[in-house]
Amino acid sequence: MQLEIRNLAKLYDEKRGLAPTSFDVGKGELIAIVGHNGAGKSTLLKMLASWILPDGGSVKFDGIDLKNRTAVVRKVGFIPEVPNLFDFFSVEYNLKLFAALSQTPFQRVEEILNEFNLIPFRKSKVQALSKGLKQRVNIGRALLSNPSVLLLDEPTSGLDFEMTRETYRLMSAMHGDGKTIIFTSHRPEEIKNLATRIMLLHEGKLIFDGSPEEYFRSESHEKLYAW
Amino acid sequence: MRNILLLAFNDLAIALKNKTFILILFIPLFVFVSLNLIDRTDAGANIVKIGLMQGYAYAPEITRSISAAEKIIAVTWIQNENEGMQLLKDRKIDGILTGNEAAPGSLALLVLKKESLHTIAIVQSFSALQKAAEGRGPDWITGIISLHQGDIQRQTLPTWILMLVLLIGFIILPAQVAEEKEKKLLLALLQTPIHEVQWLIAKLILGMVLIISAVLLLHLLGNFGPVHLFDYIAFIIAGSFCFSAYGIFLGFLCRNQASARTLGVIFYLPHLLPSAMSDVSQKLTAVAPLLPSYQLYKPLQAILLEDGSMASMSFDWIYLVLLGSLMFYLSYFLMKRRWLM
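Protein chains in written order, with the working numbering: chain A, 635 to 861; chain B, 15 to 355.
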């Protein structure tokens, strides 16, 4: 298993956070975590990305404990809902800074700029870019060190139809390259042809974990709209 | 080391982009220009400008003596008290000689501030004039030797340095740390294999570079050079380390820039005022040593104004380094806990 998650928990209050949760993730899976706001989706992803510390439990990436952050970050790329880039600086500066800190050759920056159609914007300041373009830079940055696992928190939040389709196309392409992807979404219908596995969280508890076919046949899907 | 330098250069680039550097260089420049306006060294600066009331009957020996002393006293005749007040407020005269209602037949000196250098100068000039007119010998005290050397620019230098150190430590650095937290930039950096300590050292470098640049500019503009240069540098480094680490810690206590600025001001003023004003108040002199800012201010004052050396100030230096180290550790602890991130 590429990811082993055991009793991972973070409780803000009775209904917010994540109750002790365990699951495994195999290499090459594309997992959609669905649920309402406050269900614990982002909390789960942020714990996997070391953004927040869990109250308990353990996470192992390829057998390496998450507590060993500097070793794990090379294996994981996290793309938060709101792009977090140095706004004052250009796209190229941002990518080169993170490449240098990750000890990634600058050749990889050129590859990312090409791959994500960012060449025309390489000298543009991030603050001048649209949200869709910022998200593309954000995804590109996460891929600099070629991580085997990608975590995307609400990757299509605030994007128009065209950009949402583009983001899903990118995710599909990355999955095609053999990457393991876990992302969160409010809209299961949108990702039923994308995900290979769906997990449903409700009030911090994992209440469904299965294939998209099983999910859309299950009561859980119906309940999601009733809650 | 490579990561520390990369992060430090990035921080300095941010400081350039968000005009922090301009602010840091502007303050010494502004201080220098303002002090130059105050501290006049030309011949005219030593002349006492006195106002005499046209309708008042001054004793003839007084007017005669004043007229004879035209090199040290310039007389302006004024129509009435209102005109005199206006001239005083406009700083066109230093004082008015008028009748003393409390002691009829004698004179009173009307000035803007009783406790000022100008007032002392006027009283000294008139005392000398009176003694000369009456043919008396010199005063018991014929000169004043100050422990604090130099003109007003040099005498106020420790205060300006303290102000700059605290401004960078308590206002600029906490805001920058909180901004990186607020925009999740710190978390983005922690998605790379950098260590938390490397990020903290880079922030320390930023604070110390800003402080040292500002202090250096202040010295270059004023052409001040301490006698014990090594001791002075040692204190500037210890002070910039201590208050940069303190500022980083304050930044970690805040979720966003706005709260960091508020907290910064809450720390800035109580650290600045008691130390900087400790010379003019016995109560503040008693309170100030309780503040870390005083452990920087006092040695700077001693080195710059009294030619003091570090030998008698090792406690202050160790205090600053230990406090800085404690703040650095607390920042590291909060960073590891992802405090308010």
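Keep in mind that the hints were calculated from the coordinates and are not lab data.
Computed from a predicted model, the values in this text were never measured in an experiment.
Warning: the hint list may mix true and false statements.
Calculated pairs, DSS-like style, for lysine-lysine (alpha carbon to alpha carbon, straight line, at most 27 Å) [claimed, not checked]:
id: 1; chain 1: B; residue 1: Lys-33; chain 2: A; residue 2: Lys-757
id: 2; chain 1: B; residue 1: Lys-350; chain 2: A; residue 2: Lys-701
id: 3; chain 1: B; residue 1: Lys-63; chain 2: A; residue 2: Lys-768
id: 4; chain 1: A; residue 1: Lys-730; chain 2: B; residue 2: Lys-103
id: 5; chain 1: A; residue 1: Lys-826; chain 2: A; residue 2: Lys-839
Some chain A residues near chain B, calculated using beta-carbon distances under 10 Å [what the hints assert, rightly or not]:
id: 6; residue: Val-707
id: 7; residue: Arg-708
id: 8; residue: Leu-767
id: 9; residue: Lys-768
id: 10; residue: Arg-775
id: 11; residue: Leu-793
id: 12; residue: Phe-795
id: 13; residue: Asn-827
For each residue, glycine too, the CB sits at the ideal point set by N, CA and C.
- Straight-line alpha-carbon gap Lys-63 of chain B to Lys-768 of chain A, limit 27 Å: Distance ~67 Å between Lys-63 of chain B and Lys-768 of chain A Cα, so the pair is violated.
- Message: Just to be careful: measuring from the Cβ of Lys-768 of chain A to every Cβ in chain B, is the smallest value less than 10 Å?
- Response: 12 Å, violated
- Query: Is it true that the CA of Lys-33 of chain B sits at most 27 Å from the CA of Lys-757 of chain A?
  - Reply: 21 Å, holds
- Message: Is the interface hint satisfied for Val-707 of chain A? The criterion is a beta-carbon contact with chain B at less than 10 Å.
- Response: Val-707 of chain A check passes; min Cβ-Cβ to chain B is 6 Å, inside 10 Å.
- When you check the alpha-carbon spacing of Lys-730 of chain A and Lys-103 of chain B, does it fall within 27 Å? The hint is violated at about 60 Å.
- Given hint Leu-793 of chain A near chain B, where the shortest CB pair must fall under 10 Å: Constraint on Leu-793 of chain A not satisfied, violated at 19 Å.
- Cut-off 10 Å, beta-carbon criterion: hint that Asn-827 of chain A touches chain B: Since chain B brings no Cβ nearer than about 29 Å to Asn-827 of chain A, farther than 10 Å, the hint is violated.
- Would the hint on Arg-775 of chain A stand, with a C-beta cut-off of 10 Å toward chain B? At about 8 Å, which falls below the 10 Å cut-off, the nearest Cβ of chain B leaves the hint on Arg-775 of chain A intact, so it holds.
- Classify the hint on Leu-767 of chain A as holds or violated, based on whether any CB of chain B lies nearer than 10 Å to its CB. 17 Å, violated
- Message: For the restraint on Arg-708 of chain A, tell me whether the closest CB of chain B is nearer than 10 Å.
- Response: 6 Å, holds
- Is Lys-350 of chain B close enough to Lys-701 of chain A, meaning Cα to Cα at most 27 Å? The given pair, whose Cα atoms are some 11 Å apart, holds under the 27 Å limit.
- Query: Does Lys-839 of chain A lie within 27 Å of Lys-826 of chain A when you go C-alpha to C-alpha?
  - Reply: 21 Å, holds
Consistency note: the structure conflicts with the earlier hints numbered 3, 4, 8, 9, 11, 12, 13.
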